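J.: Top line first, the protein sequences correspond to chains A and B. Residue numbering for the first sequence follows UniProt numbering, beginning at 1 and increasing consecutively. Residue numbering for the second sequence follows UniProt numbering, beginning at 1 and increasing consecutively.
No lab work stands behind these hints, which were simulated from the structure alone. Please note: incorrect hints may appear among the correct ones.
Here are a few chain B residues that face chain A, going by a calculated C-beta distance under 10 Å [unchecked claim]:
(1) D39
(2) V60
(3) S109
(4) S118
Not close to chain B: a few residues of chain A, all C-beta gaps over 12 Å, as computed [to be verified]:
(5) P7
(6) E30
(7) P160
(8) A170
(9) V187
(10) E350
(11) P360
All values reported here derive from a predicted model rather than from experimental measurement. C-beta atoms are modelled at their ideal positions from N, C-alpha and C, and glycine is treated no differently.
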Amino acid sequence: MGLRKPPLHAIHADRDASFTEFGGWEMPVEFDSIRTEHAAVRESAGLFDVSHMGEIRVSGPDAAELMGRLTTNDVAELDPGDTQYACITDDEGIILDDTVVFRLADADGVPQYLFIPNAGHDTEMYTRWIEYRDEWDLDATVHNATEEWAMLALQGPDAPDLAAAATDGASRDIARFDAAFLDVAGVRCFTSRTGYTGEDGFEFLVPWDEAETVWSAFDCQPCGLGARDTLRLEMGFLLSGQDFDPEDEPRTPYEAGVGWTVDLDTEFVGRDALERVESEGVDERFRGVVLQQRGVPRHGYEVVDADGEHLGHLTSGTMSPTLGEPIGLGYLSTEQAPPGTRVRVLVRGEPKQANVVTPPFIDK
Amino acid sequence: MSFDVPTDRRYLESHEWTTTDGDSVRIGITDFAQDELGDVVFVELPAEGDDVTKEGEFGVVESIKAVSDLVSPVSGTVLAVNEDLFDAPELVNEDPYGEGWMIEIEPSSESEFDDLLSADEYREQIE
Numbered sequence: 001m002g003l004r005k006p007p008l009h010a011i012h013a014d015r016d017a018s019f020t021e022f023g024g025w026e027m028p029v030e031f032d033s034i035r036t037e038h039a040a041v042r043e044s045a046g047l048f049d050v051s052h053m054g055e056i057r058v059s060g061p062d063a064a065e066l067m068g069r070l071t072t073n074d075v076a077e078l079d080p081g082d083t084q085y086a087c088i089t090d091d092e093g094i095i096l097d098d099t100v101v102f103r104l105a106d107a108d109g110v111p112q113y114l115f116i117p118n119a120g121h122d123t124e125m126y127t128r129w130i131e132y133r134d135e136w137d138l139d140a141t142v143h144n145a146t147e148e149w150a151m152l153a154l155q156g157p158d159a160p161d162l163a164a165a166a167t168d169g170a171s172r173d174i175a176r177f178d179a180a181f182l183d184v185a186g187v188r189c190f191t192s193r194t195g196y197t198g199e200d201g202f203e204f205l206v207p208w209d210e211a212e213t214v215w216s217a218f219d220c221q222p223c224g225l226g227a228r229d230t231l232r233l234e235m236g237f238l239l240s241g242q243d244f245d246p247e248d249e250p251r252t253p254y255e256a257g258v259g260w261t262v263d264l265d266t267e268f269v270g271r272d273a274l275e276r277v278e279s280e281g282v283d284e285r286f287r288g289v290v291l292q293q294r295g296v297p298r299h300g301y302e303v304v305d306a307d308g309e310h311l312g313h314l315t316s317g318t319m320s321p322t323l324g325e326p327i328g329l330g331y332l333s334t335e336q337a338p339p340g341t342r343v344r345v346l347v348r349g350e351p352k353q354a355n356v357v358t359p360p361f362i363d364k
Numbered sequence: 001m002s003f004d005v006p007t008d009r010r011y012l013e014s015h016e017w018t019t020t021d022g023d024s025v026r027i028g029i030t031d032f033a034q035d036e037l038g039d040v041v042f043v044e045l046p047a048e049g050d051d052v053t054k055e056g057e058f059g060v061v062e063s064i065k066a067v068s069d070l071v072s073p074v075s076g077t078v079l080a081v082n083e084d085l086f087d088a089p090e091l092v093n094e095d096p097y098g099e100g101w102m103i104e105i106e107p108s109s110e111s112e113f114d115d116l117l118s119a120d121e122y123r124e125q126i127e
């Protein structure tokens, strides 16, 4: 099967972007340079095409129950226009995906939700929702809208002004983590004040065929997935498929540092397993490391103590463009490598001194 | 996009370049390679006096997004290392054929040079 392409693919190619495969999509990884794009988001604003993210819409009388039983957080807390970060776990409490759940305005008194699976997970999540809906005999409609909506992310300290200019000021009424339908450059978009960079900003769900109008409405640095990765890494945000993966890196929310998304007062798939994990504690936890010697930490590198004893491994790493320091994320022994511990990261077999820290690496 | 491929040097398929003044060989990576890597943030090189072998790894260049081995075009002994790259690895991006050079070696065989690609042959490979 060929790679899926976002509707702006040709626009990006004309702009000489380089592309990468991610979750079955061919997406722009770099327009100018990761350093330039990263700095734009931290200092002014950057615009990302994140159309590879999925969109699943769930509506109907039992929509809240279906959403609540398949995500770890408490969907009942959401009023129309609210958003919520949550995990989707299997029976063992292992994270299958992480997602943002939006509660949309009710349609004729019937609740509606939208959630955003990670790239390449839309079909799997759609199927999961349908199968559980049928098994539990719930009255809900599930619709995979991934290829009906493009998704753009405008991020950075200048994002509020840029968004306000494109929406006649309407975006200023959206508080952090809230969402609403707005006209952006004349295009009706589902607009949320969310993002994955640590900066203030907005994410726009744009009708597939009108993506170019909205993309062109913002005069700022276009950014690729390369900068998105360094930005999220500085914040210690998880990357699906790398920092957690049901096959290669099976982790519970408690190990992954997102135990706060788990509401054990609700009933959901994986709840009982997670209650046990929560009471017993976890052997390894998601931590940050900062190298004190030259080198770059990377996915897969082992972390050891001064005697060479195994303490864990890294799942992400890079040279932080903001700090100019080598930073990494990974799973380390809860007991032997708490924050403040001096460890060694094996960089291509060579032990490099590093300190264990609690992410984020930068103050945002 | 068009990349700079100077005609005064020879190339390896793995994107290293060499120049020689008869006694020593200078080695770096090409304009194409630095562009593919993106922002270079770290370079690991051998020490003076180390031996390198033709098509053997002699170091590593890392960008923000990727790690790449450095392959020696010829065999020999390392005469000099560009230590400026330790503090300013971005020189590889800014001036890959000049200030971004990596090592100089004393080659142990002149004939190994003959196997390397000409500028035209290398350009054909990357276009």
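J.: Of the numbered hints stated earlier in the document, which are not met by this structure?
T.: Numbers 3, 4, 6, 10, in rising order.
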